[in-house]
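So the chains spell out like this:
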Amino acid sequence: MAILNEDQVMLRDMAREWADNEAPVTAFRTLRNAGSPAGYDAAQWQAQAEMGWAGIVVPEAHGGAGMGYLSLGLVLEALGRNLGASPLAATAAATSALVLGGSDAQQAEWLPRIASGEIVATLAIDEGPIFAPEAIATRAADGKLSGTKRFVAEGDTAQLFIVAAADGLYLVRGDEGVARMHRAMVDHRSHADIVFEAAPADRLAGGGDGLLAQVADRAAAATAAEMLGLAEAAFEMTNDYLKTRVQFGQKLSSFQALQHRMAAWFTELQLMRSAVEGALEAIDAGRSDIDQAVSLAKAIASDTLHLSSREIVQLHGGIGMTDDHDAGFYLKRARVLETMWGNAAYHRERFARLNGY
Amino acid sequence: MATVVEPEIDALERFRAEARAWLAEHFPTALKGKDNALSALEGPTEQSPDEAAWQRAMGEKGWGVPTWPREYGGGGLSRAEARVLQEEMQRIGAWNPIGGMGVMMFGPTLLEYGSEEQKREHIPAIAKGEVRWCQGYSEPNAGSDLANLQAFAADAGDHYIVNGQKTWTSGGQWADKCFCLVRTDKTKKHEGISFVLIDMHAPGVEVRPIKLISGSSPFCETFFTDVKVPKADRVGAEGQGWTIGKRLLEHERSNLSGAGGGASRLFAGKPLGQMAKEYRGTDDRGRIADSDLRMRIVRHEMDLRAFALTLRRSALEAKSNQGPSAAASIMKNVGARITQTRAELAVETMGMQGLGWEGEGFSEAEIDQTRTWLWGKAVSIYGGSSEIQNNVIAKRILGMLDHQ
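Just so you know, the protein sequences line up as chains A and B, in that order.
In case it helps, our numbering puts the first sequence at residues 1 to 357.
In case it helps, our numbering puts the second sequence at residues 1 to 404.
Simulated from the structure, these hints should not be mistaken for lab results.
All C-beta atoms, glycine included, are put in the ideal place defined by N, C-alpha and C.
There could be a bad hint or two in this list.
Quick list of the computed label-pair ranges, beta carbon to beta carbon [what the hints assert, rightly or not]:
no., chain 1, residue 1, chain 2, residue 2, range
1, B, Ile397, A, Glu22, 26 to 32 Å
2, B, Ser320, A, Glu197, 42 to 48 Å
3, A, Thr30, B, Arg83, 47 to 53 Å
So here's chain A without its partners, still in its complex pose:
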C-alpha cells in the first residue's frame, strides 16, 4: 500500500466499508439477474456521489475534492474487490479530458455537474474491438461530429461523451444526433456502440496534440486500480476456500503444491500493486514518464488479473464453474478489463517503443 495521507486513509477505509456493506458481490448478482439495462444501480451511484467519489479528480474550484488519482484508485480498488457496478471509472476518465483539455467555460459548465453525480460521462475512443487510438475515422466539422464508436463503457446511459475525432477530442451531449446500441457482454456491465450523426460537438482545445494519449493513460491507470481490487479479492477468496475444503482427508490448504502456487500468485500481486500505485503516483506528481508508468501498470495488471481469474476458477474446482458461485464473475469481468484501454500486448509494445527497443 502506498503511503497515504490522513484524508486518503479515511477515504480508503470508508470505500472499503461501503463496498462491503452496500455493494457486495451479491448486489452485483441481483443487478445481473434483474437484467438492468443501465448496468448500475442509480441509487447506489447517487450514494457514491454524495460521498464525494464522483468529484475525486474534479478540482475544488469546480465543486470537486481535487484529491488526485491515487485517491481515485483507492475507491476503484475497493469497488473492484466486490465487482461494484459503478460508472465511476468511466466518469473519472472523461473528467480527466475536461480537466486537461477543457476551456474555462467548458470546465465551469460540466465539472460541477460531474462532481455532484448529476451526470455520468464517458470516453468514446475505439471504433473496433481493439484499443487503437491511432486509427480514428470519426470526423468533426462546423461543430457537428459523425462517426461510430464501439464498446463505449456506460454508453447506455452516459449524458456526456468525450469523443475522439481525427483532429482531437470533442464534447458531445447524449441527446441530439446520438444513437445507442447496447452490446450484451460477458461481464453484464454497460457497453454500447454509439453512432454519432452530425451530433453537436464542442472541441477540447487545450492539452496539446497528446491530449488523447494523456486521457487514455488516466483511463488505463484507473482501470488498473479496479483490476487490482478484483485480483486481490480473487486471491483472498481462494485462500479462504483452501482452508476449509477437505480432500484426501486433508484441508487443501495443507498441500505443498497448492501452497507454492498460492505463494507464486501472491508474489505477482505484490508486483502488481507496486506497478499500479506507481502509475497513479506518477500521474499525481505530473512526472514526465507517466506514459511508461501506465504501460507498465496496465501490462502487469492485465497479466496478473489474467492469472488471478484463472486460478480462482481452477482452485475452486467444480464449484468455481457454477453460476451460483462468484468465481465466474471475476473471470468474466477480468477479461473485459484486460481488454480495455490496451491489453498487455499493446502496452508491452508501447513500452518497448518508449524505451527505444
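For this one, chain A is given, so just place chain B on it according to the hints.
Structure of chain B alone, referenced to chain A:
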C-alpha cells in the same frame, strides 16, 4: 506539517554537504565504478594502494557500516542519513569497500544478541574490514532442513570440543572466523543447537574448496576435528542457537533480496535492449530485429521495474509504520527470478559469442556474462531456496496449514 518537516530536511541537507565534502577528499577518483560485485565471493585480490587507502578511510569513518553504533566503530547514522550517503556515493561512482558476511549477517546479529565483551571484540574489526567471517550453517544432510544439523560440540568444562562437517561455507578458504551452528544436545532438535564462533586458523579446522559450474570456487567444505572452542565464544545461552541463527537468516535474506544493495546491481550495466540491438541488429523500423527476443526483453524489463517499485514501496511502508510489509518476504524470489532471467537473456542475445569459456575470440565482458549466468543459478538455491521461501510465504503470510 511543513514546520515539522523542514528542520529535518535542513539537517539532512547539511549532512549531504558534509558527506559530499568528505567523499571528495577521500574517494580516489581512479576507483570510480571499479567495484567488483563478486569480490566477496571470489576471494581476496591484491589491493592497489588506492583501494587500501579507500578501505582504511571508510573503515575509520565507520561509513562502511553507516547505521551501526558509533561506540563499536560504526557510522552512527540514521537510515535517512545512510540513504543520503549512498546517493552521494552513487553520484560520484564511489562504492563501499567494507562488506562480506561479517557486515551483512554476523554483525547485525551480534549487535542484537552478543555480550558487551563480544561486541567490543568483534564489531570494530568488521567495521574496518579487517576480519573476514564465514558462515557455518549448512551440512551435507542439513541444508534446507537446517534443524537436522549434526556437528557436535561436546562440553569440556570451560570450552567445547567440536567435531563435524559443514558445507557451502562461502569464502571459507579466505575466512579468519566462522559463525557456526553446532549441536550441544543430541536429545533435542531445535533447543539442542548453540551459536558459536570458531577460529578458522585453530588446529583441527580444514577447508576444501568446491568448484562450481561457473569454474569458480567460492564455497568450501569445512571439517572440524577436535576443534577447541572457548565457551566465551558462544553467543547467547546454550541451546539458544536456533533463535539467533534464524535472526541471522533474516539479515541474510534482506541483504540477498536487495534491501542491502544486492539488487542495485541488477540496475547497473548495459541495458539488454541496447545489447540486443548491437548483437542482433534492428529491423526497418529501428526495433530489435528478433521480435520474440524483443518482447521477452520487454517482459523482463517490466518485471525489473515492478521489482524496483516494490523495493521502494516496501522500504517506505517499513518507514511509515504501516505495519510489516508483505512485500519484503517475496523479494528474494523475485530478485532471483530477475537475476536469472537477465543472465539468460544476455547470453541468448549474444548467441555463441555469449557462451565462451575462456581465451581468444571472446571479450572480457562476454566471458563475464557467461560466468555470471552460470553463477546466477545459485541465487534461487542459497539463502533458503525459492521452494523454502514459498513455504515461508504460504505458512507465515498466507496462513496456510501444516500437512497432517
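Tested hints:
{"no.": "1", "hint": "B:Ile397 - A:Glu22: 26 to 32 Å", "result": "holds, 30 Å"}
{"no.": "2", "hint": "B:Ser320 - A:Glu197: 42 to 48 Å", "result": "violated, 54 Å"}
{"no.": "3", "hint": "A:Thr30 - B:Arg83: 47 to 53 Å", "result": "holds, 51 Å"}
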